[in-house]
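Protein chains: 2
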Amino acid sequence: MRISGACWPAPRAGSPSGKAERALAARDLEPQERLDWLRLSRSESVGPVTFYALLRRFGSAAAALDALPRLSSRQGARPAVAMSRRDAESELAAIDRLGGRLVCWGEPLYPSALASVDDAPPVLTVLGLAGLILAPMVAVVGARNASANGRRLARELAAGLGEAGIVVVSGLARGIDAAAHIGALETGSVAVVAGGVDIVYPEENRGLHEALARDGAILAEMPLGTEPLARHFPRRNRIISGLALGIVVVEAAAKSGSLITARYALEQGREVFAVPGSPLDPRSRGANDLLRNGATLTETAADILAQLGPLLQGRPPIREIAPAQSRPPLVPAAPARAAMPAMPAASAPVSEDAALDLIIEKLSPTPVAVDELVRQCQLSAAAVATLLLELELAGRVERHPGNLVSLR
Amino acid sequence: MRISGACWPAPRAGSPSGKAERALAARDLEPQERLDWLRLSRSESVGPVTFYALLRRFGSAAAALDALPRLSSRQGARPAVAMSRRDAESELAAIDRLGGRLVCWGEPLYPSALASVDDAPPVLTVLGLAGLILAPMVAVVGARNASANGRRLARELAAGLGEAGIVVVSGLARGIDAAAHIGALETGSVAVVAGGVDIVYPEENRGLHEALARDGAILAEMPLGTEPLARHFPRRNRIISGLALGIVVVEAAAKSGSLITARYALEQGREVFAVPGSPLDPRSRGANDLLRNGATLTETAADILAQLGPLLQGRPPIREIAPAQSRPPLVPAAPARAAMPAMPAASAPVSEDAALDLIIEKLSPTPVAVDELVRQCQLSAAAVATLLLELELAGRVERHPGNLVSLR
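Those sequence lines, one after another, are chains A and B. Under our numbering, the first sequence has 355 at position 355, and the numbering climbs by one with no breaks. Under our numbering, the second sequence has 806 at position 398, and the numbering climbs by one with no breaks.
Heads up, some of the hints might be wrong.
What follows is a set of in silico ranges between Cβ atoms, one per label pair, in the way DEER data are often shown [stated by the list, open to error]:
{"hint": "1", "chain 1": "A", "residue 1": "A254", "chain 2": "B", "residue 2": "A543", "range": "52 to 62 Å"}
{"hint": "2", "chain 1": "B", "residue 1": "L719", "chain 2": "A", "residue 2": "A254", "range": "48 to 58 Å"}
{"hint": "3", "chain 1": "A", "residue 1": "G395", "chain 2": "B", "residue 2": "L720", "range": "40 to 50 Å"}
{"hint": "4", "chain 1": "B", "residue 1": "A543", "chain 2": "A", "residue 2": "L229", "range": "55 to 65 Å"}
{"hint": "5", "chain 1": "B", "residue 1": "N701", "chain 2": "A", "residue 2": "E163", "range": "18 to 28 Å"}
{"hint": "6", "chain 1": "B", "residue 1": "N701", "chain 2": "A", "residue 2": "R408", "range": "41 to 51 Å"}
Hints in this document: simulated from the structure, not taken from any laboratory. Note that the Cβ used here is the ideal one computed from N, Cα and C, for glycine as well.
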């Protein structure tokens, strides 16, 4: 069974509402589909944006997997290697043994706030009380080398949010993150880790990791067994802010990871809250900077609830809201295949090679909007999308949030 | 010699610019005028608003002093007692002996920012380097029970402002005020005290008081020898904010005096700055509340300078700016006497007694705008102004900032 191409992130504008509603109706994937989603999402050169582009183009993960070697080698590159069926089966079995589960974009268990984000992870691994990730969440993040006062504030804020029925999400780091998880453990605490859900990091949080896997939830984009690397943290931070209605920054130095999370939050249209601190404490610098730039000053959970009130009451589930606008034009939903973009050879007024040369000529290491590329090349949006997909899979083009592309 | 009625606070609107310029040209008062100003300003029932109303009505302090007993007893009250010539002479002599001087509104030495305030003190006593009070000023105020960190911040902010050529004004209280004065002592430090300039309060600031009287300046609205009373402090705070382009609040508890100063600052159109602090420290509550309500977050003097920059560069001296709009209608400047409001008996269509009954009927203990009163009574603005003046002098009506009046 195949699912409709418009099930995955697509722009709000241009999606006829009837079709969009049908397309966004959530359902669990069949076991075979889930395996294909996992394989495709773990394939070489396939990040979230490419993943959804392939689904739109081929209508299903299975068809995209079939096309992957051919498509990626068209630009002269070595064919991209897909995750093997055996490896995927073994990852799913391992998740199962841990008592976790794999959640795919669009499934009922996929957090709706995150689903609306530009490059939402196609698959998530969840350990613990998976239902928690469907509740409205607020992120509480901050410094690893937090002061005792900072940790106390994080714990109290988290407990206060929990009392109001809000699940607290954080990154299971030392300091503020750990304090926030502890404060919300009884009411709902969700950790997003940079590595696999089964990897304890840092070691001092082992007890908390176990408590969350039992009484809270642990979420990861990366496969089981992945040790967290520096480059994983920004992606992890993007998921934290993506899950949340708003993020609260407690004690963050200038240029710290928490500020990156705050920037993602702003890009994702989330509320940003910051706890003020003395200018004499360098750990307050980041939060004070956020306040200077318009973050909501936060002393207690009441400050957060007052600001989020309108979002919490009478707010439609985020799943019903069409995804962000900065995506490639929507391919109409059904019938799935017929509506897929035609191959450039059939629709573009120039030859495929000429079109490809044109696109490469217009690209540079500086990211450019795909829309702008379409305008400059005077090709159809569908033709440009298809050629960009091939260039991506061949590793020649890099995707950036906001529907931007650059030459590698 | 008489000076023009429009020399004292009057509204921006309705003042023909040629006349206004002439009227606002500052000059020193003659010795006799100065004595009369002092006598009138220290007379019973004569606050700043009444003082300026009398000057507008009678054209000079001498004429107002002549009229005072008759005018104040018209409503059946005991005639208001004016300060005696002997007492005024002895106050001026005492100020002279201290090396201080009396500065009257509109004189070249009267601070121009303060001159534009609704109920600016008609006379000020200044001790020390009087020239300092003509420089652009920023107020640094805060908690008496300040923390060591708060005092350090106040000192550093004051020093940083001083380096930028800004004179720092504060209230010579314990804690933040004292630290601010110390930080700016070398570059320019002005204290506004609630009592007389010769009264040391609190005793622990005796050394600082002496240093300011020598290397800075001390300012007071009250006569020499006045012990500061609780009711003097809000008026003192109004002068501090009135003198300044902006005020910085460092450590202020909720509902503290510093917040009253901040409220005056907002009413006077001054910038409000606040230094953030931990929500766990009750001394941060007030400053954090100000930040929540739009104050500029301040960590260093650079934050203040960045915000005040446009005000400091190419800004016309405040003396040239017409005073606030919330004042009774301007009486044209010259010829002074002819343009004064006519007495109601001559101009109002109803008898003076009937008009008075009408006004009293419309008044209540809840302050009401004079403009509204004029509308409701269907009397001329001049008639209402004159009758209100009589009621004030008889102690039956109270004036409030913003051109509001209430029944006592």
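Exercise. So does N701 (chain B) sit 41 to 51 Å from R408 (chain A), Cβ to Cβ?
Worked result: 49 Å, holds
Exercise. Could one say that the CB atoms of A254 (chain A) and A543 (chain B) fall in the range 52 to 62 Å?
Worked result: 34 Å, violated
For this session: Hint says 55 to 65 Å; check whether the CB-CB distance for A543 (chain B) and L229 (chain A) agrees.
Result: Hint holds: Cβ distance 57 Å, inside 55 to 65 Å.
For this session: Just tell me: holds or violated, for the beta carbon distance of G395 (chain A) and L720 (chain B) against 40 to 50 Å?
Result: 55 Å, violated
Problem set entry | Distance restraint evaluation - N701 (chain B), E163 (chain A), Cβ atoms, bounds 18 to 28 Å | 26 Å, holds
For this session: Given the range 48 to 58 Å, decide if the beta-carbon distance of L719 (chain B) to A254 (chain A) lies inside it.
Result: 28 Å, violated
Figure legend: structure checked against the earlier numbered hints; hints not met, in rising order: 1, 2, 3.
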